[in-house]
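> Listed here are the chains, written in short residue letters.
4 protein chains.
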Amino acid sequence: MARSEFRFFHPLRVRWAEVDRQGIVFNAHYLLYCDVGITEYWRRIGLPYPEGLIEHGSDLYVVKATLEYHRSALYDDEIDVGVRVARIGRSSLVFGVEMHRGDDHLVSGEIVYVNADPETRRSSAVPAFLRDAVRAFEGRDPSA
Amino acid sequence: MARSEFRFFHPLRVRWAEVDRQGIVFNAHYLLYCDVGITEYWRRIGLPYPEGLIEHGSDLYVVKATLEYHRSALYDDEIDVGVRVARIGRSSLVFGVEMHRGDDHLVSGEIVYVNADPETRRSSAVPAFLRDAVRAFEGRDPSA
Amino acid sequence: MARSEFRFFHPLRVRWAEVDRQGIVFNAHYLLYCDVGITEYWRRIGLPYPEGLIEHGSDLYVVKATLEYHRSALYDDEIDVGVRVARIGRSSLVFGVEMHRGDDHLVSGEIVYVNADPETRRSSAVPAFLRDAVRAFEGRDPSA
Amino acid sequence: MARSEFRFFHPLRVRWAEVDRQGIVFNAHYLLYCDVGITEYWRRIGLPYPEGLIEHGSDLYVVKATLEYHRSALYDDEIDVGVRVARIGRSSLVFGVEMHRGDDHLVSGEIVYVNADPETRRSSAVPAFLRDAVRAFEGRDPSA
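Chains as they are written, first to last, in numbering that gives the first Met the number 0: chain A, 0 to 143; chain B, 0 to 143; chain C, 0 to 143; chain D, 0 to 143.
Just to be clear, a hint being listed does not mean it is correct.
No copy is singled out in the list; a pair is fine if it fits within one copy or between any two copies.
As the list claims (entries may be wrong) - Distance condition first, Cα-Cα at most 20 Å in a straight line; then the derived DMTMM-like pairs of lysine to aspartate or glutamate:
| # | residue 1 | residue 2 |
| --- | --- | --- |
| 1 | 63 | 140 |
| 2 | 63 | 4 |
| 3 | 63 | 75 |
| 4 | 63 | 131 |
| 5 | 63 | 109 |
| 6 | 63 | 116 |
| 7 | 63 | 137 |
| 8 | 63 | 77 |
| 9 | 63 | 50 |
| 10 | 63 | 103 |
Bear in mind the hints are in silico, worked out from the structure with no lab data behind them.
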């Protein structure tokens, strides 16, 4: 996917503790980077996680995560974490994430969340306020 | 997948630092648990990672990881990490991982590695010694 | 301090993700190991953390931690985490921790907790049930 | 110590994965924050760790770390990690670190490094280039 597909990037720098004996970021830490990027995405569209969602009756749980590793990030690398909502289903919300170091495409991720009622923790339809906020930011309709 | 599909389980206990504010294991840490389980699998079949592989000319890199989250692990839970080699391709090796807490199936994972030459770091065919060790342990032929 | 000073050791194996580019355990992770060891100490003396303490009106907060690094732990090392209560003050409880790899003394730690009321979170005197459990296990009086 | 004692602060935001079940940053992670802050300090004074030091014949190992916890950092907090070189001995270098959230003083740390020859890994005198760079940045002589 082209960088131009993303309207949001969060920059971060690889920490010493995140790099393994091979000198590359340990594979699980990219999932942490996805989480950091998605947190900042929520803040950017005006719904800081989790309070900004919970107060409107929405909580989110990860149900599936997929990472594809193309190139390795190294210690002290500055990487850009691109985040977009790829699609919204009835009760699910799918994030697409890409990590780049300059022109190098390092890792792609897809994180699937299910929307839940904060009280019952049961899955429920993605509420309109959330669809609207995403559509307004993305400039397209991920529900389609 | 039934527990009986696994010939190897590694037990581990959830650490306080691995649990988040919701009281559940943070999603990225299950990928760490996969890594711990796979490390112990290699030890069990007589090829301790990485030396036992590298000395025979094989190194492994993760190229794809998929996790499906069914139920959450909690602080202090004792979980069993089931590990099996699901299949071996020309240069790839696919692990299936399942985490259970008693009868509860918590998380499924699939971790795809590519076999590489330790010197050039280029992908190369999975060597016979590795196929043989896996087939002997699993009692079936994952190359088929 | 001699190994014989410790009545409790918890074994653990260094994970790949805990080792840095220098091939040694990253310095902060030894504090995690202290936490794991102390958790197991509480379980051993019959007061599993935190429920076993909280139900009796005691909660604990770390107020100071000191680590001295003598030798490095390496990937896949099996280390023994020795844990003892060094002393108990009016409202404080001091753990001594030592990590060994066979005869190699790797790291010493001292972790100071303050006892608090679980409801008010204010410091309060270390309760008698806790002093008694420690004294019974240690075979000496850490309050002295 | 007053904030004015520090000429360098590194801002960071607490990640979801760094917060425990009590809703506060797990105690070991503050040591990670110290490491991040010290890394940025080295960059700031023109000696990016580790290459900027190693190329001049200096490598550094942590020999002691002390943390004092005054108040807890919470999820999503923006904290300032103040870093200074408190003193330089013959072969040792002592960092003072303080973490603040606005006017709240959260944690103080002292991290003692020993200077080593990168080849032999034996301790050696802190070289002049390093003393000079620190003195120039701090505006005082930490060797005194």
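> Please name the hints from earlier in the document that this structure breaks, with their numbers sorted from lowest to highest.
Going through the list in order, the structure violates hints 1, 2, 3, 4, 7, 8, 9 and respects the others.
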